[in-house]
Amino acid sequence: MDDMNTFERRLADRVRSFAKAGVRPVDSAALARAVAVGHPRRARAGSAVRRFGLTLDRREWAVVLALGLLVILLGGALLVGGSLPTSTLLDTSIPVRPSVGQPAVVGPSTTPAATPSPTSPRLLWTRASLEEDWPARVRLEPAGGVAIVRDLAIDQDGPPVLYPDPVGDVDASIPWIDIKELSISGSRTTLFIVCEANVTPVVDPAEQWIAYGVVWDTDRDGVADLRFGGDNARATDARRVWITELHSGRTAVNPGGGFFDETFYDTFFEVDGPSENWGGARLKFGGDSTGGGGISGGMHSPFYVWASVIQDGRVVATDYAPDTGWLDPDPPAKP
Amino acid sequence: MCIYRAMVTMAGTATESESLMRRAADGDEIAFARIVDAHHADMSSVCFVVTGGDVELTEEAVQSAWPIAWRKLGTIRDPERLRPWLISIAVNEARQLARRQRRGRVLEISVARDGSATSMDPGAHAGDIDLRDALAHLSPSDRALIALRYVAGFDSTELARATGMSPSGTRARLARLLARLRSELGDG
Chain A
146 MDDMNTFERR LADRVRSFAK AGVRPVDSAA LARAVAVGHP RRARAGSAVR
196 RFGLTLDRRE WAVVLALGLL VILLGGALLV GGSLPTSTLL DTSIPVRPSV
246 GQPAVVGPST TPAATPSPTS PRLLWTRASL EEDWPARVRL EPAGGVAIVR
296 DLAIDQDGPP VLYPDPVGDV DASIPWIDIK ELSISGSRTT LFIVCEANVT
346 PVVDPAEQWI AYGVVWDTDR DGVADLRFGG DNARATDARR VWITELHSGR
396 TAVNPGGGFF DETFYDTFFE VDGPSENWGG ARLKFGGDST GGGGISGGMH
446 SPFYVWASVI QDGRVVATDY APDTGWLDPD PPAKP
Chain B
77 MCIYRAMVTM AGTATESESL MRRAADGDEI AFARIVDAHH ADMSSVCFVV
127 TGGDVELTEE AVQSAWPIAW RKLGTIRDPE RLRPWLISIA VNEARQLARR
177 QRRGRVLEIS VARDGSATSM DPGAHAGDID LRDALAHLSP SDRALIALRY
227 VAGFDSTELA RATGMSPSGT RARLARLLAR LRSELGDG
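Chains A and B, in that order, give the protein sequences.
Just so it is clear: in the first sequence, position 171 is 316 by this note's numbering, and no numbers are missing.
Just so it is clear: in the second sequence, position 19 is 95 by this note's numbering, and no numbers are missing.
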């Protein structure tokens, strides 16, 4: 036992010494500024509560929250049971595999059900789903319309740029896909999709299949070219991400949470989320800058963000940000 | 920015962490900057162990932790809970990032881009390399336990809170880890 205590003390010293190598100087003021600007908070309800003298200790808050949760669950169950949002169910007219020449309506593959029905494909999540494409559809673009492109005016050395998106445009019972804000880093390599609520606890995809991603217009013609996505398959310790070339339907999938495919898309892509820490997901883009890919080495093409959820085998809702038009992180220089 | 930095420096010698936390929770960036200043190094050193000595992942984890802390600071009332809470958030981020070490090719690219990742002198840090190898054989969760115990100095109650295990469970797991590390590192 003494030997072990001695070893433990020595180990503690070595680990502490080793850990010091991980400390890098940081500009606290700049970091705090970037965080505050990049992640604005709403006015805290707590202030008003304190103003009215309604301060509660942690245990009392827990009781109040538990009661509130119970009411929400009961109410939610009644609401969901009474009226599922049938208008947002998966459009069954979407082809199982995208075909060339139909980029605006191409759909991904679906996971075959035990008894597939031609009119009502079930998208039940199984381990085999890891080999399949995510079944959400791309946003429909106005036919023949002019693409609206918003310049995000990103400063390479500046703080993250925010794009607010209206909330309340998806079913209130699934707030973890109700996008309320996008935050794009100055380096254009990190995109936060911030949603109305956290997914707590992170659900099993067999119960609720959640995915977040980005659609790119790499050639700036107003038509979607690439779709990136990641989902909550991590509940099975097999998180996956994928990239689909919308014109051909070719898809690269990796169940490891991130990948770099130099022969296919020449881009590193990684998704972290949904998360118990914040509502939404974090998408990272990197890659080899020597490649010819439109988004290699960061975000350089017009895009929009999507978030979808499947419940009981059906896509029940998708939120897009923006709902129309494209966000441009790196507009071409004007002549 | 200079004025801003000066304001941070002059933001009082207020030692009352509670006031600092409350102000930061109410959106005071200067108060938040002081919290960053006080805890960033701690969080980095712990995360460095969790990531197995990956500088880039460490920075990413800690920088990801701060927005979460900024948003949720209002949920912490006890100033004594601030440090373990911040460290737990950072460790959680680091653990998630470290789990995705299958992206080996990406790390290669990162090292090539960032010379700092290769700046460690192997000759001067032979012990570190042994420890790094031993840590590399552990899972991110096990490394987190080691880091929280020996770098952050968490006791078994804090460990339990941070890991979601029981205090006795953390003690047992720690004992197993110690035995394993002892066999890999020798008697130290």
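Think of the hints as simulated: they come from the structure by calculation, not from any bench.
All values derive from a computational prediction rather than experimental measurement.
Don't take every hint at face value.
List of simulated lysine-lysine pairs, DSSO-like, C-alpha gap at most 27 Å [stated by the list, open to error]: (1) Lys-429/A / Lys-325/A; (2) Lys-479/A / Lys-148/B; (3) Lys-148/B / Lys-429/A.
Here is how each hint holds up against the structure:
Proximity of Lys-429/A to Lys-325/A is assessed by CA-CA distance (about 19 Å); at most 27 Å being required, the pair is judged to hold. A hinted pair counts as satisfied when its Cα atoms are at most 27 Å apart, and Lys-479/A with Lys-148/B does not qualify at roughly 42 Å. For the hint pairing Lys-148/B with Lys-429/A, the CA-to-CA distance comes to about 23 Å; that is within 27 Å, so the pair holds.
Hint compliance for this structure: hint 2 alone is broken.
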